[in-house]
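Following the hints, complete the assembly by docking chain B onto the known chain A.
Number of protein chains: 2
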Amino acid sequence: MSVKSIEESLSKDKLNELKQQWLNELKTSQILSVPDEPPQTDSQVPVSAIQCLINDEKMVQCLKSSKSEIYMPFDFIQNYFDVYGKMKHYDGYDRFEFQQSNAKDVYNPKTPYTYSGVFMTFETSNVEARDRVKCISGITGVPLSTQWHIEGYYYGIQIAQFGMSHYSKHMTQKPPTKQVYENAEESVQPRWTFSNKNCLVEKKKDFERNSQVIKFTTPDSIPLGSGASLVLGNTMEFILSFDLKMVANGSLSVVLETNDKMKQYTIHYITNSLVIDYDLKSNIYYGIGPSSTWRHMARDLLTDLKKGIGISTTRHAKKVKVVIQKVSRLIVRGRGYIDNVTLSSSEHLTQFFDASQWMYLNQDKETGGWKNYVERKLEGFEAIPSGWISAMGQGQGMSVLSRAYHVFHDPKYIVALSRALQPFTKSSEQGGVRATFLKTYTWYEEYPTKPSSFVLNGFMYSLIGLYDFKSLLEHEFGFGSNGEPPKLYHDGMTSLTAMLPLYDGGSHTFYDLRHFMLHTSPNVARWGYHVTHLSQLVLLYSVSREPVLKKFINNWSGYLKGKVAKHN
Amino acid sequence: MSVKSIEESLSKDKLNELKQQWLNELKTSQILSVPDEPPQTDSQVPVSAIQCLINDEKMVQCLKSSKSEIYMPFDFIQNYFDVYGKMKHYDGYDRFEFQQSNAKDVYNPKTPYTYSGVFMTFETSNVEARDRVKCISGITGVPLSTQWHIEGYYYGIQIAQFGMSHYSKHMTQKPPTKQVYENAEESVQPRWTFSNKNCLVEKKKDFERNSQVIKFTTPDSIPLGSGASLVLGNTMEFILSFDLKMVANGSLSVVLETNDKMKQYTIHYITNSLVIDYDLKSNIYYGIGPSSTWRHMARDLLTDLKKGIGISTTRHAKKVKVVIQKVSRLIVRGRGYIDNVTLSSSEHLTQFFDASQWMYLNQDKETGGWKNYVERKLEGFEAIPSGWISAMGQGQGMSVLSRAYHVFHDPKYIVALSRALQPFTKSSEQGGVRATFLKTYTWYEEYPTKPSSFVLNGFMYSLIGLYDFKSLLEHEFGFGSNGEPPKLYHDGMTSLTAMLPLYDGGSHTFYDLRHFMLHTSPNVARWGYHVTHLSQLVLLYSVSREPVLKKFINNWSGYLKGKVAKHN
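Residue numbers (this note's numbering), protein chains in the order written: chain A, 1 to 568; chain B, 1 to 568.
Each statement offered as a hint is correct.
One copy or two, it doesn't matter: identical chains are merged, so the pair holds either way.
In silico BS3-like links for lysine-lysine, alpha-carbon gap of 30 Å or less:
| # | residue 1 | residue 2 |
| --- | --- | --- |
| 1 | 178 | 321 |
| 2 | 178 | 261 |
| 3 | 426 | 439 |
| 4 | 426 | 377 |
| 5 | 245 | 326 |
| 6 | 550 | 450 |
Source of the hints: derived by calculation from the structure; they are not laboratory data.
Chain A with its partners taken away, still in its complex shape (with noise of 0.2 Å):
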């Protein structure tokens, strides 16, 4: 029986009755859902199309209900109001939702900040997942940044960052898995095979490390990832480590499976200087310097990968979308010891210490500076000269040391702790990072530009070093609050409260007073920016209490939610 035979079969009045009762089912049904799910209002809208004259100066196309309200197009109102907005899909139902802002969640931490424990929201940063890393060097296992500079540089702002994201990982997240294949504790010949006769895996007893290692050997003239392999076969554990001493040059190759059209990669480690290279087919390269002392490495496989598939000659890496199915093997050649080769899913305090130890290696002895070779040009500004001390990466330098001799216990850290304080008792001119503003604030310069630009998120991260170190000696030496660094925090601490306002726009804030400055617009803060500062507040009001810092985050917060200061 066809629908049509139904309705023929019943008078016009029963259908309308039963039609009646239906729909209103569906109005009560819409009436009654929860209030996430949209239907409840009527979707009988009867528009027009009308013209709207914007500021006098252009036409936008608009509908009219027949209420005579006016709906304007989201397309003007996001080019115009520099808003966001999508659709998103539900089970049932499609919903357009608009956002003030484009932000990030605001630091909002459940127990209480430490030198010793988590960095703000780093614990969700991926740095070396940034373009503008160009790749994390064999040679150091920090991340080189291209920045500033195509050629790539160290950049120690980038590898404090890289070492307390790292840091904050491993204290937020699950321990790891892993498999270790080779300790040179069983039995060995099973595990390796050999490209040649003369090659050779042994057992041996190392005295140095006080361990059974593996000492392997292969002719020098063998071609590059052949020589002795070792078959890992792991599909769920991407990042390598192994301890590593080489006696003359030599390599280690990873065989890797992915879902690429070129299926199989290469990632060779060699016993050079080399950064990284790609033959734009299937191997990649990487320096690992001489290695000819003992070291212990770790890398992040799918981050080599993507490196150097996605290497260019720009200041941002392509992005590359690949994925490990498995990580079939490894392959040693030239002459060397090796041991502890292990594949596990993360090896965060690895990465955490050969930051801290760039860190320690890198601070210029005679300034205490974390000196940034790279000219840098801020807009309106005289250029600095390479070889310029950020306040920012003496304060990131500062957490990142704080949490290494926490971590460590070595007593280096302390020493380059207490170098780092040098810069923020110097004015720029001086080579340092202190300014001052209008003959009264002390500020410490995340660029020292002339004249200064007072950058309000490097400001704030140089507190937090300094907070870091000052806890630190109050913690782990029972120092009280005299001294340099207590003395620094709280100077700073004062310029910031006082100076806050001058960063309040209104509805955003500034990322500097470039425009006090400069007489120019002022240098409005990205979202991003506004939600690290944001961040930074909320930390520094956590171990300050300071009530006016509490006052803007009230008011800084509001502004991603489109609620801005009040006009008289």
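What follows is chain B alone, placed relative to chain A:
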């Protein structure tokens, strides 16, 4: 047959089929297309309703076109973004007009600004119409303010602005039309009628004025509004002016016909000290003091009528809509002399003279200040006790007196101008108006608050006043760039140029720097003040050619059309 029994009479499947068909019909009917109206666009707009979630907080009903474009209701946009819009009806079509701001025009002079010309855009101001003007005093001819006190008090800034608006109108409007009803030059009797046989009107030679004048005499006991009556019958010109000298108490009444339901009103100007009164029927009263020496009076009858009917016990006069249809007659009572009874379309120069005279007479001789005898409370600051001096008042007073000297050439105005500089050299604590921003920049305070408030518009008015006096001295006395006025002006301009960026919010301007001084949210200037800032900058740029001002004029003009500062 009940619905239930219909349902029972059909199989479940068939019923569902039927139901689905109707629901589909309903769905289709929700996609609507209602053509009509505007010409140039395609008016076929099929839309459906869709819910929009705003900042994860609340729902707004939007529309979605068949091309999935989203339209948001202007009601929401207006509230959320604080913008303006209204439907305009043109010949043959309607158009919706969207505006970022509700601002008036920015000062855009056709001829260069001078101390003797139009003051900014004041030719468009109507000070007496402001609801915070209680009335125009019959004694002084200048407004009484209720802005911060219900009683009504003389507020120098308001009086100066009243003076400058009439001066600027005098400079820009075409000469008034005038009807002279009595100048005692012709035979008298025909024009006058008398309510009582003891009333007398006669021509007399007045030796002080060297002119024929009318002497009037009526019994003391006759009621207000009776006496010697002069028919006017003017339906066009509503500014009454005359010269008057009273010998004993008396009054001058004017009978008006209006479009009001009360039809006829009489305004009584009485020789007492009453400010204003209204019998809630048809009589309005103004005191004019003893008036025992010759004075030239000009009364804006419409203003006097409206302020009378609108008299209020709050700080705001009631809005009154009334139109004068005829000025019927004038009645004098008591004993005195009157001359030059005139109705004209304006009497701006008389009103400017009254303001100048008030400024001259009410300057505090000791401090040189126009003291404000009202307590002033600014949110967040200590209350300023009555008797305070305002840099804005000093500046506006100087702008009035510079023009007064230029027009009337009375040296007393130069004396007053010189005295007016004194508060600029004394700090707020010392009773002056001078402040310093962070030990660096000199500022002249509109309100001498503790701490300083750095109100921008008041500061710029003070600079314009200083510029006016400085220019007067240069042009009419051949002064050079030495001396106090140029120095105060140049110090102020240096501060303005340096500090202007601190008032830049990136999309609005700030009214003052209380956010910096009190650590609060910025006090965003409403669009009216934003336009004042711009007009003042245009004026100061036109006379200084300071390029920084030009830059800010450009940026800040953009804010009126939603062109905001860029983010990084």
